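*Asks:* Spelled out, the chains give:
Number of protein chains: 2
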Amino acid sequence: MYPSDFNSSNSPVPNPTANMTVTLPTPSAIEAAHALIKPYIHDTPLLTNRTLNKLASTPRTPESLKGTPYEGQTPASPNIHFFFKCENYQRIGAFKARGAFHALLRLIEREGEDVVRKRGVVTHSSGNHAQALALAASTLNIPAYIVMPQISTPSKIAGTQSHGAEVIFSGSTSTEREAVVAEVQARTGAILVPPYDDYDIICGQGTTGLEMDEQYRELVAGNPESSVHSEGTQRGAYLDAVITPVGGGGLNGGVTTFFSDKETRVFGAEPSFEGADDCRRGLEAGKRVEVVKSLTIADGLRTPVGVLNWAIISDPNKHSGVYAVTEEQIKAAMRLVLERMKVFVEPSAVVGLAVCLYNEEFRRSVEREAPEGWDVGVVFSGGNTTVEAIGKLFG
Amino acid sequence: MYPSDFNSSNSPVPNPTANMTVTLPTPSAIEAAHALIKPYIHDTPLLTNRTLNKLASTPRTPESLKGTPYEGQTPASPNIHFFFKCENYQRIGAFKARGAFHALLRLIEREGEDVVRKRGVVTHSSGNHAQALALAASTLNIPAYIVMPQISTPSKIAGTQSHGAEVIFSGSTSTEREAVVAEVQARTGAILVPPYDDYDIICGQGTTGLEMDEQYRELVAGNPESSVHSEGTQRGAYLDAVITPVGGGGLNGGVTTFFSDKETRVFGAEPSFEGADDCRRGLEAGKRVEVVKSLTIADGLRTPVGVLNWAIISDPNKHSGVYAVTEEQIKAAMRLVLERMKVFVEPSAVVGLAVCLYNEEFRRSVEREAPEGWDVGVVFSGGNTTVEAIGKLFG
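As they're listed, the protein sequences go chains A and B.
Counting with the UniProt record's numbering, you get residues 1 to 395 for the letters of the first sequence.
Counting with the UniProt record's numbering, you get residues 1 to 395 for the letters of the second sequence.
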């Protein structure tokens, strides 16, 4: 699935897992992706919020550190100013629309419109990628086949069908799903569009970072009041840091790539529940974790990080580290975003905010590195949940 | 509580209830209020949403009309394009901040800073008005005493206290609450700031309409694509209609006043549950309903419409009518705003949207009056609810 017409600026690097050479995206590939998808996607807002700044810049209570390695120590006292990129307001309610449009537009560039429209595209997903691909395909007049587990929630099946995609059911294991994908391909000739471990998908998701960078600088440059922190110190020209959720890693890999030649550090956030922090554990062990079986409430983050994304995230020249949070911390962050910011998000969307609010290791490093504080861009990755699901979480 | 320094442009009118002359606000009084409060309030967004336009512009199913006066008839087929004024993003999460700041700024103008700061202000409220007055008072350095029923939810008590107000508990009946207010006044000399039936409060809430009018015209004028409807017909210079919730009627009365010399029609929306549609029933009977005892889920709308607001809303030269919706319709509208728009609102906020989506009488009148469709401004009045409350509603 990697493009045959590599950009000359792409430098092949050894794939640390498979011992073969793969091509990783570059910042300029993400700029090109943005130009390509811009007519099809929403320019989502970059929001600030004083209440959350204040909460993040208040030390946690000594009680909340009990039972952690920081018990008995002075809680960290970082200064954090948030800039929330609201991809829950993206088309289909999640950043996945970026990658899906980009993958299909590039496919048409390479294969020609006629070929792609004749063959169609296929993927297996029960989540946001399914709806994103269905929307992009229907917009570009391409047949789409989406393989979904029989046990998917009816609203997600209906959502995918409402964009005109053909939904084909499968069992729930990845073997069962891949078998059905192979059947569809044999029958239709459809081209597979993977959800995250793909050059073009990563470039598409990386455009989230490009927009944050642009919006931040407009905000700071356009407003003298915004050019200083609330404490009076001068803001820089770049966000100090950006943090995004890490599931398969397409979003984090793309955003990391975009900022790899800039001053902004990129971090990842994962749920720790049942080992869903595979990327964090992999970085600790120096080896990608290949299998994850977690039922974390952050259901978009139950997958292991992909091979390409691992190659990006595990490069310390590009990436600054991955931090994990508990289910309770995810719920607490979600409550704050809903009740205080009045912004409707899914649990996966708030793990980055939860790290900033509750991960003592992260908070200590911010305090240590920048006593004057950091401007932190936080990606709210999506908002596709239901009132019933919220009732279950908090009922 | 009416100002002693009436504007010369205010024309005294007979009060239809009390048979005495009261002064009603004028559009210019609302313009003056806006100039006064602008530095203190948020300029909340006016949002559009294609999915909701499409839903509102699709006829209801014949089944949904069963058991209503429209059973067996062809469902109405209006064209509705929404412009949502998001007062859930207002300070303290509701439009009430407008009225509270305006009432206190006018009090200072009339009585002088020293007198107001010495006496302080008092109100009884368990809802958004309590927090709004507490915020405005602390911002303007005025002591605030808030009488709340002992049974108020702890989060609302804490929210009010967090703005520095002194909370004094009372019983739950209005007699008990008013007795405690009188005690506070005797002890402190505090000046009463009523929640809705007050000239200055109405002017403050009316600024919501002023901003909608400005924002709509900027949106349409600034963008050639926006100046035509999706069906290709030309937009006018004004919103065709605005609809807001009606509880005590401060918001609706203020917005009605602002538009009273313009082309925009103003409607009201109420819950029908347990007679909470007192304003609608009053208009039908030609007499204000003075007592309401409803436990509608739209808990901001459980009060009868105030005397001043009734004088405005019952004037057919200013107001175009009040429509009611069921609890199920409010829940359905709330689900759409949360899940589709990703905007966090309280049940009271969506009754106007529910009227546009589900009230067949309203939908027929739109179809009849404007086959080409209406641009309808809908006020989302607030977003102060909790994830637990959502769990209860939809769990």
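To be clear, the hints were calculated from the coordinates, so they are not data collected in a lab.
There may be inaccurate statements among the hints.
The list cannot tell twin chains apart, which means a pair is met if one copy fits it or any two copies do.
[Claimed, not checked] Computed cross-link-like contacts, DSSO-like style, restricted to lysine-lysine with a CA-CA straight-line distance of at most 27 Å:
#, residue 1, residue 2
1, 392, 318
2, 66, 262
3, 331, 293
4, 392, 331
5, 331, 38
Predicted, not measured: the structure shown is a model, and the values here were computed from it.
*Asks:* Against the earlier hints, flag every one the structure doesn't satisfy and list their numbers going up.
*Replies:* 1, 2 and 5
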